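Each chain is listed here by its residues.
Protein chains: 2
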Amino acid sequence: MKKRHAAGKPLFDKVAIIGIGLVGSSLARVLRRENLARQIVACDASAAARAAAKRLRLVDRMVSDAATAVAGADLVVVAVPQSAYAKVGAAMRPKLKRGAIVTDVGSVKLAAMQALVPHVPSDVAFVPGHPLAGTENSGPEAGFAELFVGRWCILTPAKGTAAAAVTKVREMWRRCGMHVETMDAAHHDRVLAITSHVPHLIAYTIVDTVAALESRMKAEVIKFAASGFRDFTRVAASDPVMWRDIFLNNKDAVLEMMGRLYEDIALLQKAIRNGDGELLHRVFTRSRRIRRSIVQAKQA
Amino acid sequence: MKKRHAAGKPLFDKVAIIGIGLVGSSLARVLRRENLARQIVACDASAAARAAAKRLRLVDRMVSDAATAVAGADLVVVAVPQSAYAKVGAAMRPKLKRGAIVTDVGSVKLAAMQALVPHVPSDVAFVPGHPLAGTENSGPEAGFAELFVGRWCILTPAKGTAAAAVTKVREMWRRCGMHVETMDAAHHDRVLAITSHVPHLIAYTIVDTVAALESRMKAEVIKFAASGFRDFTRVAASDPVMWRDIFLNNKDAVLEMMGRLYEDIALLQKAIRNGDGELLHRVFTRSRRIRRSIVQAKQA
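Taken in order, these protein sequences are the chains called A and B. When we follow our numbering, the leftmost residue of the first sequence carries the number 166, and every step to the right adds one. When we follow our numbering, the leftmost residue of the second sequence carries the number 166, and every step to the right adds one.
It is worth saying that the hints were derived from the structure and are not from the lab. Hints are supplied without guarantee of correctness; some may be wrong.
Simulated coverage check for chain B against chain A, where a stretch passes if three residues somewhere in it have a Cβ under 8 Å from a Cβ of chain A [to be verified]:
1. 186-194
2. 198-210
3. 261-268
4. 367-378
5. 406-420
Calculated pairs, SDA-like style, for lysine to any residue (alpha carbon to alpha carbon, straight line, at most 25 Å) [unchecked claim]:
6. A:K416 <-> B:L378
7. B:K416 <-> A:M382
8. A:K435 <-> B:T374
9. A:K260 <-> A:A212
10. B:K174 <-> B:K383
11. B:K252 <-> A:D349
12. B:K252 <-> B:A351
13. B:K383 <-> A:D349
14. B:K416 <-> A:A212
15. A:K383 <-> A:Q434
Among chain B residues calculated to face chain A with C-beta under 7 Å, some are [to be verified]:
16. E385
17. I430
18. A431
Predicted, not measured: the structure shown is a model, and the values here were computed from it. Beta carbons are placed, not taken as given, at the ideal position from N, Cα and C, and that holds for glycine.
Generate coordinates for the entire structure from the input sequences, incorporating the hints supplied.
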C-alpha cells in the first residue's frame, strides 16, 4: 500500500472536477485522502452519476453544470468524454478565475487542445494531461483511489505554458502515485495509437467477429474463452463512448498504425498459407523478447 | 485451494509422459501429488529439460527416447510440440503395451490424430485431448500442479474408441481439477481457431509491428505498455515452437477466421475514416456485452 503523505498545506484551495466518472471520481478520492484540496466541487451531466457521487460523499459539492463548478476554482480538471470538451469549454469559459489552471485527462491530446484552447483565457494556464490508468468499468462507483498508483501520466503543455502551472499539475498526479512525463502532443498521440488505440480497435473487432458467429459456436467460444480470447475481451470492455471519441479524435495516427499492422498480418498469413514455419518461428521469438522488455520495465 | 483426494488405488500402474515441458511437467506434478500412478516415466529430447526434471524429482525415471519410456506403460501422454508427433509416434509404436491408452495434449486435434493414428496399433486406445491451460512460460521449471485447476479439457476421440479408455483419461484430467468435455476434432479446431489461434496471431503481429518501430518510439511503447498493448504482449509471449506448429497444423480454420476478422476490421476502419461515431459506439457496446457473458461464465 501507498504511504500516506503528511497532511501539509493543500496544493489547491478549490478544485473543480468536470465529469465524475471512473477517472474523475478516482481523482476526487485521492484529493480527499491526501488532503490536496480545501474544497472539491464536481459537475456531471448525468443525474445518476450525480446521485451516486453524493451517496458516496466523493466531493463537497455536486452540481449539474460546468459554469457553476469552475467559479472560483484554482484547478479545473476536465474528465468528460472528448466529444463533450467543446461544450464544456464554452460553458466554463466566462467563470474561469484569473490565474486558475485548467487540465484534462483525455486520451487524444491534439484534439483535446484543439477543443479546449479556444475557451481558455490568456490569464488561465492550460496543462493538457493523460493519466494512463483505467479499468473495464465506468462511472463514479467504479472509481478507487489506487487507480493511478505506479502508472504513467503524460502532460503535453504547449510551449510558453507557465512553468508553475505545469509543476502543480505534475505534483498532483505524483501525489496520486503516478510517474509523470512531459511530451509533445502529436508524439503522444502516435505513441498511444500503437500502445493503446490500435490494440483496442483489434480487440473490439475480434470480440465483434465472435458476436457474429452462429449461436452454438458463439456459446462455445465464450465457454472456452480462457485460451487467449479472454484477454481481448478484457481490453474490449472499456467505455464505448470514451473509445468512440478516441477513434474519432485520433483518426490519422490510428489509421497509419493500422496500415503498418495490416502489412505485418498479411506477411504472417502468407507464411501460414505457404507453411513457412521458419518465418513464423522467427517472428514469435522476436515477440517474446519484446514481452520480456516490458516485464523488465515493470509495466507487466 | 483444491481439496486433496484420498489416496485410494492409483488410476494407472505406469504412466509415460513424452515431453516434460510446461504441460507434461505440470501433469507429472499432479500425478504424484494425487497418487494417480504407481510409476511415472518421462522422456525428453532436450538434455537440459531432462536434467531439470531430475533435479526437481518430477518423475521416477527420466529417459531420452520415447521407445524406452512407453515400454510397459498403461497410459502414454504425448506432450511434445506437434511437429514432433510423427517421429515420436514411430519411435514408440513397437513398444506400446497391448491394452494401453495413448493420449496427447496438442492444440490442433485433426492434425494430432493424423500424425498419431497410423502409429497406434489396434489393441491400443487413442484418446486425443487438449487441456486448455498454459502460461507464457515453458519448460519443466515453469510447470506447477495448479495449472489445470478450473480450466477446460477437450477430448476428441474418434467414433468407436473404447469407452473405458475415454473414461480413464477424463478421470485423470478431472483429478487435475479440469472440466472435461468431448467434441468432434474438426469442431474443436474451428472453436480454438477463434478463441485462441487467431487472437495469438494478432497479438504476435501487433507486438512485431512494434518491434519494427524506430527505437525512440519503441522504447516509449514499452514504457507506456500498460494501456492495452501489455495484454497483447502477454498473449504473444508463449512458446514459439508450439505456436509455429499450431498455425502450420490448423491452417484452414485459422485462415477462414482471419478472413472474417479482416472484414470486420475493414468495417471499423472505414467508420473511423468517415467519422461514423454511431457505428463505432454500436460495435463497442456489443463487445462489452460479450465480455460480460464471459465474466458470467466465470472464464474471466
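Quick rundown of the hints versus the structure:
no. : hint              : in the structure
1   : 186-194           : violated (count 0)
2   : 198-210           : violated (count 0)
3   : 261-268           : violated (count 0)
4   : 367-378           : holds (count 12)
5   : 406-420           : holds (count 9)
6   : A:K416 <-> B:L378 : 19 Å, holds
7   : B:K416 <-> A:M382 : 19 Å, holds
8   : A:K435 <-> B:T374 : 16 Å, holds
9   : A:K260 <-> A:A212 : 22 Å, holds
10  : B:K174 <-> B:K383 : 56 Å, violated
11  : B:K252 <-> A:D349 : 57 Å, violated
12  : B:K252 <-> B:A351 : 23 Å, holds
13  : B:K383 <-> A:D349 : 16 Å, holds
14  : B:K416 <-> A:A212 : 52 Å, violated
15  : A:K383 <-> A:Q434 : 24 Å, holds
16  : E385              : 5 Å, holds
17  : I430              : 5 Å, holds
18  : A431              : 9 Å, violated
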